[in-house]
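Trainee: This is what each chain is made of:
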Amino acid sequence: MVDITVQIKQMIIDELELEDMTIDDIDTDAPLFGEGLGLDSIDALELGLALQKYFNVKIDANSEHNKEHFRSVASLRDFVLAQQQTVSG
Amino acid sequence: MDLFVSQFAAWAPGLDTPTDWATWAEQADVLDSEASPPVRAVPAMTRRRLTRWGRLALEVATSVEGHLAADAPVIFSSRHGDTQRTQKLLQDLAHEEPLSPTAFSLSVHNAALGLFTIIQRITAPSLALAAGRDTFAQAWVEAQGWLAEGAPQVLLVHCDEPLADFYRPDADEAEMPAALALLLSSEPGPGRERVSLSMAPHSGEPGDVSMMVAFLVWWFGRTPHLEFCTERTNWHWERELELP
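Taken in order, these protein sequences are the chains called A and W. Under my numbering, the first residue of the first sequence carries the number 13, and numbering increases by one thereafter. Under my numbering, the first residue of the second sequence carries the number 4, and numbering increases by one thereafter.
By construction, these hints were calculated from the structure, which means they are not laboratory data. Hints should not be assumed to be uniformly reliable.
What the hints assert, rightly or not - Ranges of calculated distance between the beta carbons of each label pair, as one might list FRET restraints:
id, chain 1, residue 1, chain 2, residue 2, range
1, W, Pro128, A, Ser75, 37 to 45 Å
2, A, Ser53, W, Gln94, 22 to 30 Å
3, A, Ala94, W, Asp32, 53 to 61 Å
4, W, Leu102, A, Ser75, 16 to 24 Å
Claimed, not checked - Which bits of chain A does chain W cover? Going by a derived footprint, with three or more residues having C-beta under 8 Å, they are:
id, segment
5, 22-35
6, 53-62
Glycine residues also receive a C-beta, built at the ideal position from the N, C-alpha and C atoms.
The following block holds chain W by itself, in its conformation from the complex:
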């Protein structure tokens, strides 16, 4: 199924302009940084409760939100969620310390999504998902489903960051702090890029970097195809590039 991307936003440390992103895509370095997005669109009293993971999600979501139809479903995906918060809560439990009510209330996978829909007063359906290394592609498939059912638009937001220290030794792919948001539609329109995703049974070896990193490299590198192989599936993205 062809989808049309009408809005695209991405955040990663130090990459502020499309030129920054294009330069980054040539080297495809997996960035490592403690930097965090400013999320100016989020009220200060809410912003104070966000970890970097939440800031990543809300930074890109709020930057395309102005174009969002009122009835557009919102899909948030993240492979690991807020592992900094998870680690802190579990350590407090292990040390028999009381849990922070704030941290506990925001420890679910849909925490950032929930805050986003509250801030923007969104009453359309929303869904947060994780699917291992396939997460971002599965979120895309979910968006396709909503569009096939007649939704005029779907907002797809994905964010991840390197795992918290305790889990880091078990990482099976390189991740960087980054987020992307796409406003997807089933109808073509001016300035909309046509993109399709197809899948085939897994054949090759999984790569070293996360699907989000690979997708960002592909998106800003302006090449027509992206093949991404996980232990389950071979994903294939294709797009029509505008003529220069």
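Bound conformation, chain A alone:
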């Protein structure tokens, strides 16, 4: 299985134009929103779109679980892998 952690970090940097950051600056387990990376609600929307574009993952806008999925790079990775498994399996 390919580790997509690095791809997700690069996606975050590119799509959110965090021009001064590198993938090493993003802690896989740190919160993305509020504290940690300090992203905001517009970033959340932008990330939702990016996940669709990069990994063909659809986000259900009304899902209660989104908050958990978007907590950190690690949770995004688990979410993407689970979604891909659902699609391919």
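Chain W: place on chain A using the hints.
Mentor: Same frame as chain A, but now just chain W:
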């Protein structure tokens, strides 16, 4: 009505000092460059979302902001706004691609003004306007109105850049990436330059360059008068030059 300019800031690619500007004003070249201002006064998490158009506006606005009274209205003007962003969004729509939420949220004419007032916690009235080739002069008239109503100061910010590629063939005047900010007051004071603007019905042919370029040439060229003619109006700026 006489206005008094207490602060003046301008940005254009490669023109960093008053001497650079004065030299530029002699030739009055319409600069073409992809360069973008650094906007160091804007926090990085906000700065990342700015296109060059937004950077232009915020660069000059933040450089005079320290002198701004808390109740001073802020007027932002730009003839075309952020055409790079507009073009990208419309192309995405045409290709049935999803729109970037960030780009969409910053696609309005007052986007840069909104960010500026958020960053500086400004609660005074603010207004963004466009009025074709007359834009900068109409923004000046708006500032006069606020001052006549008793505002102690008005911050006037104007920026424009060449149109995005798709619109470029329709350009009716030469534009360069630049911005200027003026802190205007109705009262004289030490170091304040007296400037007046008057208007008359249009008579001559409109010139080739934008009003912003003409104004910057005039301002840094240290001549007393500026005549600028659009298809609607003849604008006339006049100032009292300090004796050398």
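Trainee: Compare the structure with each hint and give your call.
Mentor: Verification of the hints:
1. One distance hint, 37 to 45 Å for the beta-carbon pair Pro128 (chain W) and Ser75 (chain A), holds here, with the actual separation near 41 Å.
2. For the hinted restraint 22 to 30 Å between Ser53 (chain A) and Gln94 (chain W), the CB-CB distance of approximately 25 Å keeps it satisfied.
3. Against the hinted window of 53 to 61 Å, the Cβ-Cβ separation of Ala94 (chain A) and Asp32 (chain W) comes to about 59 Å, which satisfies the hint.
4. A hinted range of 16 to 24 Å for the beta carbons of Leu102 (chain W) and Ser75 (chain A) is consistent with their spacing of about 21 Å.
5. Check result for the segment 22-35 of chain A against chain W: holds, 5 residues qualifying (beta carbon to beta carbon below 8 Å, three or more required).
6. Counting residues of the segment 53-62 of chain A whose CB lies closer than 8 Å to any CB of chain W gives 5, which reaches the minimum of 3, so the coverage claim holds.
When held up to the earlier numbered hints, the structure conflicts with none and fits them all.
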